[in-house]
Amino acid sequence: MGKLISSIMIANRGEIALRVIRACKELQIKSIALYSDEDLKSKHVKSADEAYYIGPAAPTKSYLNIDKIIEIAESAGAEAVHPGYGFLSENETFAAKCEEKGIIFIGPTSEAMALTGDKMKCKEIMKKAEVPTIPGSDDILEEVDKAVEIAEEAGYPVLLKSAFGGGGRGIRFADNEKQLREEFEMASAESRAAFGKSGLYVEKFLKGIRHIEFQLARDSNGNGVHLFERECSVQRRHQKLIEFSPSSVVDKKTRSKIGDIAVRAAESVDYLNAGTAEFLRDEKGNFYFIEVNSRLQVEHPVTELITGIDLVKLQIKIACGDEIPFKQSDLNFNGSAVECRINAEDPFHDFVPSNGYVPDCNLPYGPGVRVDTYLYPGCNVSGYYDSLVAKLITWGADFDEARIRMSNALDEFMIEGIHTTIPLYRTIMKEKNFIKGNISTDYLEKYDLINLMKTQSKEKSLKTSDASIAAALVYSEYLKGQNSPSNSSKELSLSNWVQTGNIKNGI
Amino acid sequence: MGKLISSIMIANRGEIALRVIRACKELQIKSIALYSDEDLKSKHVKSADEAYYIGPAAPTKSYLNIDKIIEIAESAGAEAVHPGYGFLSENETFAAKCEEKGIIFIGPTSEAMALTGDKMKCKEIMKKAEVPTIPGSDDILEEVDKAVEIAEEAGYPVLLKSAFGGGGRGIRFADNEKQLREEFEMASAESRAAFGKSGLYVEKFLKGIRHIEFQLARDSNGNGVHLFERECSVQRRHQKLIEFSPSSVVDKKTRSKIGDIAVRAAESVDYLNAGTAEFLRDEKGNFYFIEVNSRLQVEHPVTELITGIDLVKLQIKIACGDEIPFKQSDLNFNGSAVECRINAEDPFHDFVPSNGYVPDCNLPYGPGVRVDTYLYPGCNVSGYYDSLVAKLITWGADFDEARIRMSNALDEFMIEGIHTTIPLYRTIMKEKNFIKGNISTDYLEKYDLINLMKTQSKEKSLKTSDASIAAALVYSEYLKGQNSPSNSSKELSLSNWVQTGNIKNGI
Amino acid sequence: MEFKINNLDEINTGSISQSSGNGKIIATINGKQHSIQIISLKNSILEFILDNSYKTAKILEYGSANIKILIDGEEIDIKKHSKLTEVLEKSTALGGASLGENKLLSQIPGRVVSIMLKVGDQVKKGDSIIVLESMKMQVAVKSHKEGKIRDIKVKVGDTVSRNDIVALIE
Amino acid sequence: MEFKINNLDEINTGSISQSSGNGKIIATINGKQHSIQIISLKNSILEFILDNSYKTAKILEYGSANIKILIDGEEIDIKKHSKLTEVLEKSTALGGASLGENKLLSQIPGRVVSIMLKVGDQVKKGDSIIVLESMKMQVAVKSHKEGKIRDIKVKVGDTVSRNDIVALIE
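Residue numbers (the numbering used here), protein chains in the order written: chain A, 1 to 507; chain B, 1001 to 1507; chain C, 2001 to 2170; chain D, 3001 to 3170.
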């Protein structure tokens, strides 16, 4: 192992900041946290070796404030910066600034990031490297007529996407020419408002597709490996909800074939550090490259559990110039892992955000259970930032064991004060298509999971109704006793004997 | 898989009851708990599907009360009983009672248990099966003269052990004839008082020995496997403190050789279900069989982490007549795992028991961390039962990763209100002989770990002294402000502005 | 006493039949007898064993006619009244008084990012009046009834809490 | 103010030099300036950032001369006095008054399983008088001084709490 650095600033917050801090602790590297006004009481501040104030709550004034972050990194003597995911993690300007100031950016070079960030340029490179891509435009489309032409060639329906979007935001669907012309106009205006340029492209819409991605790692000596796939098809509005590995449709041969393509994709842009090659798979089993995510992903723990590789420590070592300490052939696929993204959103009410104070919470644990979270009893879930409050990941010898452990862990996970997506995941874990691995990106709508969840919630209320009534009865009686004038009351009073059950300091 | 049962009563308490309840939940089997007066608020009562009152706090009146347990099992309709470890887990009378009543006992048959329980009988069988045993008496010694004769033959020093003891209790050391005669008399009286019979035997004392054991499983169809070794040499007064796997002195060849011997030992007593064959290893690398533990062991999670096999679920399936679903050759040794037994004892004061109310606690979590515990904020650690309050187990790709994760998890583990052995384990995890795997059963004394811990505790106090003084200063000033007549006080008052930092329900 | 649980249609009945004074109770719920052993009641958290099963309920709100409890990780609203059936019939007869309410409340906390309409505008039920941003998501506050906007209580950049009044509709 | 931490020999000095009124403090500890940002103080738990490092301290006991806090998972006893050095010198001069104490206290909670000596017996310091059982372990309560047993306050089968008087030695 090469010489490790002695300090890392984490330009992020929430669970991913905590994840990086854990890696730093294991490597005996000083961790330096940042906090906005909103985050003074956040767990990453408590866990890091040092914590510096970055600015007001709004992300642009704090976690997106490149100049301020660089300034603090320099004054705190940070030798490296870990950007986490989101915020500045795929910002090539930030990566370039770090390079300029001699601060190690834990991720790809700004150059590679620029390439992977521009989806059209990336697609072009992939085509040259003979990586299969989705039929559609080869370039950004300035005019709607060109879009219509390409759509006709690829065949309707098509998707209209922004080269600057990301994470599934702003994808539009068109079934015919009229729809395409309408959507093109709106999307173009929206993109210009947000990014100052249009940057739209057209892609063939694939039916019943799955989103399957390959974890990559590549070091500065040119060694590249893939760490198998993650199945990310359970989504809502193009946002991933559940990820697992292995995928039910990837066999050993396919894994090796697509994995090799992913590594080739990384090589073609001279990619450095950990990243992910995302693919779509159609019903016939064809894989199409869509993009490279040039950062650590939310769902990286799934890969950590099935390979035993600590990806964050690997990232740090690669950034320090180390070679990847294993070869492709050394990697063993071990068991199965599932992740649920616990979001502070109310699945019973169209997933409206649900932030606020969390008076109490209870993290699940036990064999095969891992939680990555910033929650603690008394914490605050801020409305200024992402709604992801926890990731629950379970391991099992096979998919079924991992799935059942997830189901039980979800039952054990209690978060008071906010609504979360936990009830939806409880339903999914026991839904027969999910159990069979019969999923696609429209899984939620196709099998009407939201209504299934609502029905099950009613059934659960019915099952616990006796207990609810009993609790209401006992509490009412207790208060009656408390409020009655004195002990002489002849009414049933619980106020004296509820004490008997109280904890005693027995020996 | 054969037909599973629908309900299991757990004749135990504490973390192991919770462990079995988790397995039941995964198999969708109803779990039935028992609780004594002391345990009304215990976590196993909260987690089980059903809970029944068993009797007063004293074990003989509750968790050791065979008739009462059988009675409740029958009235609750329990199809099987899991005995955990300790209490009735190795009680052949209890196992026989269950067999008689048609309740499945999750463990070996009463017959096999009788054989493994009688150490001398077991040793005899092992000798016949050509399993190496420690030089010493072949039989229980009624007279001290016979003991002296055998000691002379094997060579001093020797150990005097009770056939009815267990868990390392009551082992006596004799360096010469005079000492042996004295110890024999005392041990004999003690054993008669406790068990109604003497039952002593003599064994050669081995220098610098390690305690290494092999996990076994055997089904009713005669299939037997071993699940590799556990290194249990870090002990205090013959009580295991830390267990890990792989052992630093067991190579692949030795593992296979001794593992086979362990399986042969199980076969020779027609052993059923999960069990452990314990060995001593002398400095020359010779292994000597000492005993078979006919139960699930405290340290079973170590094996679960390196094999991916859920031993409790396996136990249940074997008890239902299933075949073990893997062969010896299917098992992969994956990474490394370490366990620390967190006992409610004060390592700074000769390990005196330290029970009582636990107002708050904080379980460690994160990549590679598993906790098996009955602790929760507001729980009570009873003085009536065992001092084990938690097991902390970490996994790593290699021993060093597991060890460092353990070290960090120990730092994260906060238990208020009682003293625990955590500070000792913190010291051990960073001690150079432990790091090198240079251990033996006298490791603690040999390297003076207790004093090392005390020194490090002082150093830690010194390191945090600034923070301690700062806290004392701030709190004193705060109280000064609170007690001062009014806001008109000119003294520095913190009472108003400590509010500013309080959590706000920010959006 | 009669009880109604929020998302269920049935009316439940319940009463305490016997209390032996050491935390043991016999209760009759929907005509069936149940044994209750109270473990503790502290900080609004009630722990008890109901027919050999442990239960914990956190009392979140307690009113004379409403109880809100957290049980098995779910929030349960319970209406109670000695003659709940009659009460519910009456309220149905009155016909959703809340619809006559002028105040438009924000259902979530958030920052106001845009105001789509102005005072005096005519709105239908479901028309978006204000857009809030929270957790990187945009959520519209929609009119709860048909009418005219009499007042808008917020401006762009304001932060609102749950149940804050954002507009008045007449 | 002077401070002494239980297991350390050094005397520390500390004072608050400046308070800017918004939770920010400058303190001088052992002659060095430190910045303190208070995060919160609630239920005896003090959270603060000391020179860019988060710290949490739970105040377990607070007296005019003693503070017991839980910091970094360890219990720390702090003696404080404006002139602690003088106080300590005096108390050393007085010479361990506690040794003159007659009461023998139990250091652990447990059940009395045997009483080894009887009233009137002569004991040396360290002689076992009573054996307690706790957590399946047997622990002897040993005489804290030389003398004669004047009274034994417990009998076999009793349960004692920490710091209960088990015997009087004269």
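Bear in mind the hints are in silico, worked out from the structure with no lab data behind them.
You may find that some hints are simply not true.
Claimed, not checked - Derived contacts from chain C toward chain B, CB cut-off under 10 Å, selection only:
hint : residue
1    : H2034
2    : I2039
3    : K2042
4    : S2044
5    : E2047
6    : D2051
7    : N2052
8    : S2053
9    : L2060
10   : Y2062
11   : S2064
All residues carry an ideal CB built from backbone N, CA and C; glycine is no exception.
Structure-based check of all given hints:
no.	hint	verdict
1	H2034	14 Å, violated
2	I2039	6 Å, holds
3	K2042	9 Å, holds
4	S2044	14 Å, violated
5	E2047	7 Å, holds
6	D2051	8 Å, holds
7	N2052	4 Å, holds
8	S2053	6 Å, holds
9	L2060	16 Å, violated
10	Y2062	22 Å, violated
11	S2064	27 Å, violated
In terms of the numbered hints stated before, the structure departs from hints 1, 4, 9, 10, 11, listed from lowest to highest.
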